[in-house]
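Student: The listed protein sequences derive, respectively, from chains B and W.
Each residue of the first sequence is one higher than the one before, counting from 1 in the working numbering.
Each residue of the second sequence is one higher than the one before, counting from 84 in the working numbering.
Hints may be right or wrong, so weigh each one.
Mimicking DSSO-like on lysine-lysine, the simulated pairs with C-alpha atoms at most 30 angstroms apart in a straight line are [said to hold, decoys possible]:
1. B:K20 to B:K41
2. B:K41 to B:K61
3. B:K20 to W:K225
4. W:K286 to W:K311
5. B:K41 to W:K225
6. B:K61 to B:K11
7. B:K41 to B:K11
8. W:K286 to W:K225
9. W:K225 to B:K11
10. W:K155 to B:K61
11. W:K311 to W:K155
12. W:K155 to W:K225
Which bits of chain W does chain B cover? Going by a derived footprint, with three or more residues having C-beta under 8 angstroms, they are [to be verified]:
13. 176-185
14. 226-233
Hint data in this document are derived by calculation from the structure and do not stem from the laboratory.
Backbone N, C-alpha and C fix where the C-beta goes; we use that ideal spot for every residue, glycine too.
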Amino acid sequence: MPTIVVDVMPKPEILDPQGKAVSSALPRIGIEGFAQVRQGKRFELTVDGEVTDEVLAAARKAAETLLSNPVIEDVVSVAVEDV
Amino acid sequence: MTARIGVVTFPGTLDDRDAARAVRLAGAEAVPLWHGSESLEGVDAVVLPGGFSYGDYLRAGAIARFAPIMDKVVDAANGGMPVLGICNGFQLLTESHLLPGSMIKNDHLHFVCRDQTLRVENAETSWTTEYREGENIVIPLKNQDGQYVADDYTLDQLEAEGRVAFRYVGWNPNGSRRDIAGITNERGNVVGLMPHPEHAVEKGFGPDSVEAGRAGTDGLAFFTSAIKGLLTLA
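Generate coordinates for the entire structure from the input sequences, incorporating the hints supplied.
Tutor: Written out as structure tokens, the structure reads:
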């Protein structure tokens, strides 16, 4: 079934405490060389049927209204993926 | 007349009973409201209590914001009804766009639980008239997602309009911008804050005070302020 993938990331100007924690944990397991880690969210909306323009529009609306908070997050992509 | 103050329960709310108890101790009738209901039962004011509505899934308050009762709360708040959001209730008020900004995870990533000193910055909101501006109060604080954030424009606007209601004193427990613990809307009827006034309303069960251990009741004036305002209107 086709899936619409929505990626949400914290806004660049917002400090990302979780990403910072992951970043500081990496050297502890011997992984070096990454300047920064930022943590976001991936949503998979499985479509029952065909991905029409209406379905995509509904997914975009969901991304903007419920899946992200525009004060702290950006929707970085809404894309169709065949799983 | 007795003021009637509603306390909303969502799945995962924790502090509804304490909030109702605070309302009663302050001298009003506490009216339980259910998230799935579309009626405010004719209450005069609403408290959105703390807890973890919907397990904080997605973002704190993000799912509760679309509960049927919230449409009514938003309408009533826009009409001037006093609405107080505590902790998860504050997060819910920002998700509902009744208050600007948002809360993210504490900068140090730990859950914090302590008695916290706050400075009352605005003693003219519906929930703060029984305080003095500049007064320090001590009430419990307990949260993981308590870091208040907003863009600089919004923060400047809040400061310029006197809408920062409370600021952390001594220690900023979560990295909140400009030490902000609570804010109000333009009209002053909607107030949101992360610390918990409803846990400091009865001697023997509050924070330690100079008087005695657990004797602090600095939170009670939130509720007496609202009640006094409602009775003046009536």
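Student: Evaluate each hint against the coordinates.
Tutor: Results of checking the hints against the structure:
Proximity of K20 of chain B to K41 of chain B is assessed by CA-CA distance (about 15 angstroms); at most 30 angstroms being required, the pair is judged to hold. With a CA separation close to 17 angstroms, the supplied pair K41 of chain B and K61 of chain B stays within the 30 angstroms bound. For the suggested pair K20 of chain B and K225 of chain W, the alpha carbons sit about 22 angstroms apart, so the restraint of at most 30 angstroms is met. Note on K286 of chain W and K311 of chain W: the hinted pairing holds, with a Cα-Cα distance of about 22 angstroms set against a maximum of 30 angstroms.
For the proposed pair K41 of chain B and K225 of chain W, the alpha carbon gap of about 26 angstroms is at most 30 angstroms, so the pair holds. With a CA separation close to 19 angstroms, the supplied pair K61 of chain B and K11 of chain B stays within the 30 angstroms bound. Distance restraint check for K41 of chain B and K11 of chain B: the Cα-Cα separation of roughly 12 angstroms lies within the 30 angstroms cut-off, and the hinted pair is therefore satisfied. Between K286 of chain W and K225 of chain W the CA atoms are separated by roughly 20 angstroms; this keeps the pair inside 30 angstroms, and the hint holds.
Restraint check for K225 of chain W and K11 of chain B: the C-alpha separation of about 26 angstroms stays at or below 30 angstroms, so the hint holds. The suggested pairing of K155 of chain W with K61 of chain B holds, with an alpha-carbon distance near 23 angstroms, which does not exceed 30 angstroms. The suggested pairing of K311 of chain W with K155 of chain W holds, with an alpha-carbon distance near 23 angstroms, which does not exceed 30 angstroms. At most 30 angstroms may separate the alpha-carbon atoms for a hinted pair to count; K155 of chain W and K225 of chain W meet this at roughly 28 angstroms.
Against chain B, the stretch 176-185 of chain W contributes 5 residues with a C-beta closer than 8 angstroms to a partner C-beta. That satisfies the three-residue criterion, and the hint holds. Under the rule that three or more residues need a Cβ within less than 8 angstroms of chain B, the assignment of the stretch 226-233 of chain W holds, with 3 such residues.
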